[in-house]
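Peer 1: Here's the letter readout for the chains.
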Amino acid sequence: MDEMKQAQALPFFSNGEALPKSERAREPGERGFAAIIKIFARTWPYLLPHMIGYWREFPLRHTTGDSETNADGWSFRHVPPLVTVLTAIGPLTGWLPIGTDWQHDFLLAATILMTILTWALLFMRGRVYVGLSLTLALVGTVAFLFAIFAVDGLADNFQVGLVAVGCVCIWVLQYRIDESPQRDESPQLDDSPQRPDGRKLRLRVRLGSHLVYYFALVWAATLLTMVIALFSVDLISQSILQAEPLTPFLSDFIGRPELAAGSGTDQASLTTEQRHSLKWIYAMFMVFSWIVLLPATLLLPYYYIFIMQRVNQDLRMALLQRWHRLSIRYHSDHRVGDSVYRIYQDSAQVTAVIGTITQAAQLLNTYAIGVIFLSALDPILGTMALSIVMLAILWGHWYSPRMREKSLVAREMNSDFTSRVQESFAAVRIVKAYGAGEAEQERLAQDSVTAFNASFRVRSLLAIVGIVTFTLSAVALLGGQLLMAVWASGTREVFAAVLVGLVGLSFIKWNLAAYNWAQEQLGESSVSIRSLVTLWAQAQDMAMGLDRVFNILDIEPDVQNDPNPVVMPPFNREIRFSHVDFAYEQGRPVLHDVSLAVEPGSVTAIVGPTGSGKSSLMSLLSRLFDPDSGAVSIDGVDLRRLDVDDLRQNVSVALQENVLFGMSVRDNIRYVVPDASDDAVLRAAHVACADEYIAGLPEGLDTMLSDRGGKLSTGQRQRLSIARAVVKDTPILILDEPTAALDAFTEHQVLERLSAWGEGRAIFLITHRISTIAQADRILYLDQGEIVENGSHDELMQIVGGRYRNFVETEARLTKREGHDADNPSEAPQPEGGNE
Amino acid sequence: MASHEPKTTLRDGEKQLDRSASVLDVQTDISFRETIRVFMRIISYFGFFKARIVAKLAFITLELAFRLMIVVWPAKIVVDHVILGQPIAEGISGFPSYFEPFLQFLDGKSPLEIMLWIVFLGAAMVIVFGSTVSDVGGRSRASASMAQGHDIATQTENEANRGGSQMGGILGLIDFRITLRLMQSLNHLLRTQLAAHVKELPMTTLDDQRIGDSVYRVLYDTTSASLLLEGLTLGLYSGILGVVISLVMMVTNYGNAPEVIVIAMLGFPVTLLLVLPLARVARRRSQASRAAGSSTTSNIEEGMSNVLAVQSLGGNKREGQRFSQASQESFKRFRTESFVILSYNQLYSLSLTLGQVVFFIVIAGRVIDGTFTAGDYFVVSYYFFQLYATFGAWGHMYTEWQRNIAGMRRVFFLMDLQTEKTTGGVELPRISDGIVMDNAGLTYPDGRVALRNINLKAHIGEIVAFVGPTGAGKTSLAYLAPAYLQATEGKVSIDGIDLKDVSVEALRDQVSYVFQETQLFSDSILNNIRYGKTDASMEEVEQVSRVAGAHNFIMALPEGYATDLGTVTSKLSVGQKQRIAIARGLLRDARILILDEPTSALDPETESYLVDALHQAAKDKLVIIIAHRLSTIASADRIYFLQEGEIREQGSHEQLMAIPDGYYRDYVRLQAGTH
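Chains as they are written, first to last, in our numbering: chain A, 1 to 836; chain B, 1001 to 1675.
Bound-form chain A, shown alone (with noise of 0.2 angstroms):
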């Protein structure tokens, strides 16, 4: 690879050769906003189980699935009487006291309102019960805020603490009654109290409600980060350097009562000694919040990404499933490095999205306190204000879809990518053999190339959208800046000027002070739209994200699992096709009307031409396919009434495409069993012929083998592969030509040992080797998808003219060809077939 080529490969800034149009971005359909939206609102499951949490009963036991409130006769039936006695409380002892002023009266009409919803609660079911819920919860947020601003003192503050401690019991802590405890189906785990009357009460407590903790803990903290805010700047400015003294609240805080104003000396400022020792305190006051700060600036973010990172676990995990469930059909279509993108980089967008709504209310929040304050001012400001938001809804009708087509087309040949690298990775071999190492890599250098040119626009159109953005509220920015600077020149007076007085604040006319603070109010709001255009740049990618991972989840898989499934029979009696017809596409039927039965203890070998469907039969088998018609039964209950992981648990595949996975041979073998034993194991390796060489490897089963296998030849990965379907234990058992590499003494073997383990099993066998088809019970011989003969050994070489017996005779003629063996009759392969 020329260096110095690659190194100028991508150009100097600019956006390098056309690429490939997405023909997914060119489909017509709804893409617009509501699309946006809808896309988002598709990860709300993803994300629900992290705000409603799950239950634990006590002792700590995990209950699945209900998440309904009265469900199972859990109840809540404790709550109002609880939270009733804890409202009277307050008017009791005088914490929340009636009739002092309007304040306290208003903290107390809220509680009673709250526990006058705890009871209604009681009795109302599915929406009404929701939204009496978020009622509560909100009444229960607004009174405990406003204790806390609006009211002076701490009794307050504990007593609706106390009261909406009590309503969240609602969601959190229930119980229920056990009328008999032999109904209970796991009475010897169970400590709970049991009562005289053999009752028994058990309670469980709501858990793992992470979102919720989180954000009520970045609220209490953002919360303190103001407290120590406000302090701060009351002691440097006013105190320290201005020699003012403290207000009560803050003297008493720091406890120096004496350096309030009005205390005692009532002196007018501190003095010089006062204020060196102030400074110290308020050296160790810095020192102190940043260790009180310390758990929310380490601990918060750290939690918030464990939360989000579960979140994208369960969206992987979703994809991962999807795929596993859809068949080759969709496979063989579908690169590997597409999956690897799409867990990693398309399925992490799901992380963003509850940022990016909070996000959002808080700037459209900053936003509209903006505009109001600047409409108070002058109604002309609050108009420019607001035009911004106008220009920018245009600007996005432009950007939106545009945005939409190139992340799009970023993420598609972004994954091309990846799966290029992948396959150039994985054809190694081939590329070594046949010298193609330059035109592959080129390939890859190119889709590199390609794959950088398309983040390159995305990415610069969202530079763009910024820098548009910016210069769009610049017009109302430095048009306002004029305004304001020539009011402020003059004598104009302010529009709300009653109001401005009322606040206290002293620019009743337009001077440099409502100068300054109208333009940092007017950078702000333009700020704020600036980042809302941004965000909804940025969320055009995360859907585009998230679209192609609901794409997959989309694709319903074409085999289905019966809703109410049968359970596998234990198959004593036979396997059955009966008539099936089955094609992967439309007008290349590959079985035709084929019927068979086989039954337990025999082994059946399928022969035929390359291509004539042996594979797709028994593919059928194992449900990776349902036949088109007709259909495949086991003991007479059609296949598709199963359940497809219970069927696929009773029958054995070893492929000819022998597989292994990064792992020890031992765990390679018990892939599907994890918990076999190594006895078991052990056991599987022999009948598979496999023990001898595994005991001659360095480490023997703890050998780590890579996922390309090259320790092994293939045909000790062959027979490790029949270990592996041997190790299964299952009453089927299909071996798809696993035996082609191995020679002529250790398939014979591997097919005695077999036969003996089969006892009781349908073997099915897919080989060409001759001696070893003769072995088995019955012989299928398939050609262009039709079962043409069918019979023993024996019996298919009578058929004079036969597709069998010629089949056995060509191989016979191959091998004596040109006359070198004629007279040597041992080694020429005339099996029993030669002396029929």
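If you're looking for bench data, these hints aren't it; they were derived computationally from the structure. Each residue gets a CB set at the ideal place from its N, CA and C atoms; glycine is no exception. A portion of the hints provided could be inaccurate.
Only pairs whose alpha carbons sit at most 27 angstroms apart, straight line, appear in this in silico DSSO-like list of lysine-lysine [what the hints assert, rightly or not]:
#, chain 1, residue 1, chain 2, residue 2
1, A, 38, A, 21
2, A, 5, B, 1619
3, B, 1076, B, 1109
4, B, 1457, B, 1619
5, A, 509, B, 1050
6, B, 1500, B, 1457
7, A, 509, B, 1076
8, B, 1076, B, 1015
9, B, 1332, B, 1317
10, B, 1050, A, 5
11, B, 1491, B, 1457
12, B, 1332, B, 1015
Simulated restraints on C-beta separations [unchecked claim]:
#, chain 1, residue 1, chain 2, residue 2, range
13, B, 1427, A, 5, 21 to 31 angstroms
14, B, 1524, A, 17, 21 to 31 angstroms
15, B, 1427, A, 17, 29 to 39 angstroms
Chain A is fixed; fit chain B onto it per the hints.
Peer 2: Same frame as chain A, but now just chain B:
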């Protein structure tokens, strides 16, 4: 995975992860000196991008100059001369000299006129620099960060494509694009270089290197370089410039308070001292996080590549568990890494708090004593924070680099693995004679002996067969010819030239190898067949396809040779794929053709046809066949019977069959089913 273990320490778990990610790369810890070496090696790459880097530095300088020299002054004109209405002539001395012409131009104009000119200037600044004349919300910076997840893969991908400029407007856009292209270019260079290197690794190394790990390194570890580059240009250079300018301003305006500068400069050592112990921790946690990511990638890669096997085996659940574990593990490791980052953010904030405390005590003392005014306090603290933030940020950046160093170490590790000798070496003229092996032996790196005492001669025009039980070393022996494996003892030569001296590329141009396990590309059948000879004509392709018995079924496909083969699992049967692979091998105009078990999945008819074709081909080629099927090997000119890595017998079929109780004879008898 670590979660299986009863109770392991964090470090044990990490080491285990390293092994599960790549058995080659287990010494992941690096010393300070090696860290520096990795760092310098990255810097050596910057040479490729001189023009881009110079342009980037120029933009940084331009922006800084603009910000410090121009942007603050129009606001002063607005306040002093528009709102407060002071005559310009009186205030001209308060402005830098380069502003004088503009002020003189404004002198005598009405406030409205002055304001209009200022707005005009502001508009120009918005368009060119993306900056207005006001402080709050008055500046924009071009950047393009997208939403990301909480894992290395998305974050590095995002960061490497972030671009970025300190400006907005037209200049900001240009700067942004140059920056983004610069970062992408470095990334592209490393990606292609690393990918090329991986493909040149010897087979034995590749056997140990999981694909997912290589993919991960190419895609997500290389981006570390871009981030280091960004740190060096944006972070360090603009930091130094910022410090110099702040210092100059500080000294000119508050030369009487040198302690401010001293305290601010303490920021660097204090931050460094606090975060230094974390450097190694950061590297290790980052490495673990990346190793876990590698494992997860390998996991997806295996599961998806083998989806047919997984489904056939009923392994869906198992594969789900495996992935779930790996993915959770990588999330956990990333979380741990994030915790380190969060901790050193806190340590940095501690250092800032400490600096602030000292600064506060000193300067507040001055204010209280009356040497400074309250107003001075705020101005000086502005400079203090500017300086401290920069100095402190360097200490912080040093630790941040450790994560990227950890990523780059992974890149360089793979890049430093010994490759095959692809270039250099002796050119190999068109092979005219054949292969000679002289006492050749092969021992794998892990000590297993694959071949010993191999003496063999094979000439152009012959068909040679390697026969023997599974695991006898047939494939290893065949691998010696195209030098997929290098003999560790003895000598392998072609036309008398030792293969150790031959350029691998030249050698492989003349050797075609058809592997036992078929690998096709997600491309059309046509392109798959002519993979090794891209300019082959349609007639040639059809002819070899006929020989390989592939033509008929290809023509039966709706799109014939143009059929796209799909990816993971093609719709073709194994036997059909094998025939395409054989056609591919036949088409290539090579002097030596090696077929490793070509006929195992072929029916007798096709096999017979193929064997005939091989005899045809052997007229001007050396054909080496590895096979179990008697029908394929019986007609070979010479048969080598291998067992346990040694040649036990050699000769023609008749010769070998004549040896009573010979290995081959026994073998054949078994094959024939007479035993």
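Peer 1: Does the alpha-carbon distance linking residue 1500 of chain B and residue 1457 of chain B stay inside the 27 angstroms limit?
Peer 2: holds, 18 angstroms
Peer 1: Hint check: residue 1332 of chain B vs residue 1015 of chain B, CA-CA at most 27 angstroms. Holds or violated?
Peer 2: Roughly 15 angstroms separates the two Cα atoms, so the pair holds.
Peer 1: Under the criterion that the straight-line Cα-Cα distance not exceed 27 angstroms, is the pair residue 509 of chain A, residue 1050 of chain B satisfied?
Peer 2: Since the Cα atoms of residue 509 of chain A and residue 1050 of chain B sit roughly 57 angstroms apart, the hinted pair is violated (cutoff 27 angstroms).
Peer 1: Could you grab the alpha-carbon distance between residue 1050 of chain B and residue 5 of chain A and see if it respects the 27 angstroms cut-off?
Peer 2: Distance of about 14 angstroms is within 27 angstroms: holds.
Peer 1: In this structure, is the beta-carbon distance linking residue 1427 of chain B and residue 5 of chain A contained in 21 to 31 angstroms?
Peer 2: holds, 24 angstroms
Peer 1: Given the proposed pairing of residue 1457 of chain B with residue 1619 of chain B, does the C-alpha separation stay at or below 27 angstroms?
Peer 2: The given pair, whose Cα atoms are some 17 angstroms apart, holds under the 27 angstroms limit.
Peer 1: Given the hint that residue 1332 of chain B pairs with residue 1317 of chain B, does the C-alpha gap stay at or below 27 angstroms?
Peer 2: The given pair, whose Cα atoms are some 22 angstroms apart, holds under the 27 angstroms limit.
Peer 1: Assess, step by step, whether the Cα of residue 1491 of chain B is no farther than 27 angstroms from the Cα of residue 1457 of chain B, and give holds or violated.
Peer 2: holds, 12 angstroms
Peer 1: Could you tell me whether the CB distance from residue 1524 of chain B to residue 17 of chain A stays inside 21 to 31 angstroms?
Peer 2: Between residue 1524 of chain B and residue 17 of chain A, where Cβ atoms are some 24 angstroms apart, the hint holds.
Peer 1: Is the Cα-Cα distance between residue 1076 of chain B and residue 1109 of chain B 27 angstroms or less?
Peer 2: Measuring from Cα to Cα gives roughly 16 angstroms; hence the hint holds.
Peer 1: Quickly compare the C-alpha distance for residue 5 of chain A and residue 1619 of chain B to 27 angstroms and report which way the hint goes.
Peer 2: Distance ~43 angstroms between residue 5 of chain A and residue 1619 of chain B Cα, so the pair is violated.
Peer 1: Tell me if the straight-line CA distance from residue 38 of chain A to residue 21 of chain A falls inside 27 angstroms.
Peer 2: holds, 25 angstroms
Hint check: violations occur at hints 2, 5, 8; the rest are consistent with the structure.
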